[in-house]
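Protein chains in written order, with our numbering: chain E, 1 to 248; chain Z, 249 to 498.
Treat the hints with caution; some may be incorrect.
[Said to hold, decoys possible] Cut-off 30 Å, straight-line C-alpha distance, at most; resulting in silico cross-link-like pairs (DSS-like, lysine-lysine): (1) Lys431(Z) - Lys363(Z); (2) Lys340(Z) - Lys241(E); (3) Lys302(Z) - Lys372(Z); (4) Lys431(Z) - Lys340(Z); (5) Lys401(Z) - Lys431(Z); (6) Lys372(Z) - Lys340(Z); (7) Lys241(E) - Lys357(Z); (8) Lys340(Z) - Lys234(E); (9) Lys372(Z) - Lys401(Z).
[Stated by the list, open to error] Okay, the calculated beta carbon distance ranges per label pair: (10) Leu38(E) - Ala448(Z): 56 to 64 Å; (11) Ala177(E) - Glu273(Z): 44 to 52 Å; (12) Asp415(Z) - Gly138(E): 53 to 61 Å; (13) Tyr53(E) - Tyr258(Z): 15 to 23 Å; (14) Ala448(Z) - Gly64(E): 51 to 59 Å; (15) Lys369(Z) - Gly144(E): 29 to 37 Å; (16) Gly144(E) - Ser385(Z): 16 to 24 Å.
Derived from the structure by calculation, the hints contain no laboratory data. All values derive from a computational prediction rather than experimental measurement. Beta carbons: idealized from backbone N, C-alpha and C, even for Gly.
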Amino acid sequence: MILQRPNPLRDLFIVLGYWDHIFSGYLLTMWLYGWALLMGFFFGLLLANLRQYGGRFLSRIATGYIEFIRGTPLLAQLLFIYFLPSSLNIPVGNWKIETSFTLLNKDITIILLNYRTLAGLITLGLNSSAYQAEYIRGAIASVGTEQLMAAQSLGMSRISSIRYVVLPQALRRVIPAWSNEAAYLPKYTVVVYFIGVKDLFSKAHLTVAFTFISVTTYVLVAIIFLVTITIISKILDIVHKRTMIPGL
Amino acid sequence: MRVVDIWKSYEDLEVLKGVSFELGEGEVKVVFGPSGSGKSTMLRCINMLNPPDKGEIFLRGQNINSSEVNINEMRARIGMVFQNFNLFAHLKAIDNVSIGLRRVKKFPKEEARAKALESLKSVKMEEWADHYPAELSGGQQQRVGIARALAMKPDVILFDEPTSALDPELIGEVLQVMLDIAKSGTTMIVVTHEMGFARAVASEMIFLGEGVIIERGTPEHFFVSPESERVKSFLQQLDILYGSHEKLLK
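Take these sequences, add in the hints, and give me the full structure.
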């Protein structure tokens, strides 16, 4: 039996022959990431405000939700949401929204939304909201009650005091801590592989199945994540500097 | 304005034990006393930032702490200047002053800006209108704080130790502004230990100790013939710190 000598460069070229798969998987991963982050932000903002200002009842509900999400595995949350409709005998349908384009003579098709992708999106968004809520709440608390008091002393209602005085400061302050979530979330999106969403990770898996070249493929995926997250961190760094309050 | 028998306690600690006084149009009332005597709490009760447990506060005959009154409308008529300035850190000086006009009085942007600038002029801060609070000295920040309260054209302005967080050389500029607005007829309740200011403009001084009014009277009364030992020893303490009040009387 003749063993071939390992040749990483040749392996890399073979893997790159599947670039259209990897590229479409990457686009889907970033698509999931973008929406989940956005959904998590707005829901997290709501949770943070409820926890901070919601009174005894609402703040307990928000706290309970946040602790529940943070205390259970993401994969378990995903499978729960994915299987929930069918366990209640609710038909999920076989619908999809997709987009396709041609790049360098390759047809690339991405399923933007179907039942699986939607389940993944909802899970990632709900999960991220709990973490984002905690970052935002910390920033709100750091702005302090004195600013709120000063706004109320002018006759501003509690809600508009929060809206015009507390949140503009809290959202500036939260950026460095919030960057953590923005950098974690792309990596967490890979869980959708388990419910058959064709994201970057599942496309990598497919490439390995075609080529039997595993290490090179996964190293390539790792490098793609590394570069993406570095860019995200850099952008947020710039945003943080741009939005800093002069003199502070 | 009339304050009738207000009581306030935090858990087991009784901070205010029945404080009453009246304040006429254009009057300046100076409240002083040892720390922990309830001075700041009293101001926060008056504009309902910390509502009193008991007692009533009337502003031009209207009961502030009745449930039929919109407290936000009432607060817009009661200005407040804070010990730590509490300017909105993310807003320029001009926007700190105009935010109340825009969000509470619903003035259009340009009109609010013009009125805010006017208010900044009255505290001699118009040249600093486009600076952020963190770019200003403590004295400048406090003057913006005063302009912010003035801009709302309130019936009364409450000052909560407005100079006690300031370096000595910055106190003068703030006191000068306060003297100016007092002389122009602004109704004020001032918690302060600046006896020179009190002597110059106070119509009545109130000595607060352990939640009750221990002694009240004109500045002359306090500086010439205070009655209670408590007040005498407190004024002596101030003398040691700031120099004799007899000098202030000259």
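Here is how each hint holds up against the structure:
The hinted pair formed by Lys431(Z) and Lys363(Z) meets the criterion: a straight-line CA distance of about 21 Å does not exceed 30 Å. About 18 Å separates the Cα atoms of Lys340(Z) and Lys241(E), which keeps this hinted pair within 30 Å; it holds. With a CA separation close to 40 Å, the supplied pair Lys302(Z) and Lys372(Z) exceeds the 30 Å bound. Taking the CA atoms of Lys431(Z) and Lys340(Z), the gap is near 28 Å; set against the 30 Å cutoff, the hint holds.
Restraint check: the Cα-Cα separation between Lys401(Z) and Lys431(Z) comes to about 16 Å, which is no more than 30 Å; the hinted pair holds. In summary, the hint linking Lys372(Z) to Lys340(Z) is supported, as the alpha carbons are separated by about 16 Å, within the 30 Å threshold. A C-alpha spacing of about 28 Å is found between Lys241(E) and Lys357(Z), which places the hinted pair at or below 30 Å, so the restraint holds. Distance hint between Lys340(Z) and Lys234(E) is fulfilled; the C-alpha atoms sit about 28 Å from each other, no more than 30 Å.
A distance of roughly 17 Å separates the Cα atoms of Lys372(Z) and Lys401(Z); the hinted pair therefore holds under the 30 Å criterion. Separated by about 59 Å at the C-beta atoms, Leu38(E) and Ala448(Z) satisfy the suggested range of 56 to 64 Å. Look at Ala177(E) against Glu273(Z): about 51 Å separates their beta carbons, and that is inside 44 to 52 Å. For Asp415(Z) and Gly138(E), the Cβ-Cβ distance of about 32 Å falls outside the hinted range of 53 to 61 Å, so the restraint is violated.
As the Cβ distance of Tyr53(E) to Tyr258(Z) is approximately 21 Å, the hint placing it in 15 to 23 Å holds. At about 58 Å, the CB distance of Ala448(Z) to Gly64(E) agrees with the hint of 51 to 59 Å. Hint check: Lys369(Z) to Gly144(E), Cβ distance near 30 Å, so the stated range 29 to 37 Å holds. At about 21 Å, the beta-carbon gap between Gly144(E) and Ser385(Z) stays in the expected band of 16 to 24 Å.
When held up to the earlier numbered hints, the structure conflicts with 3, 12 and fits the remainder.
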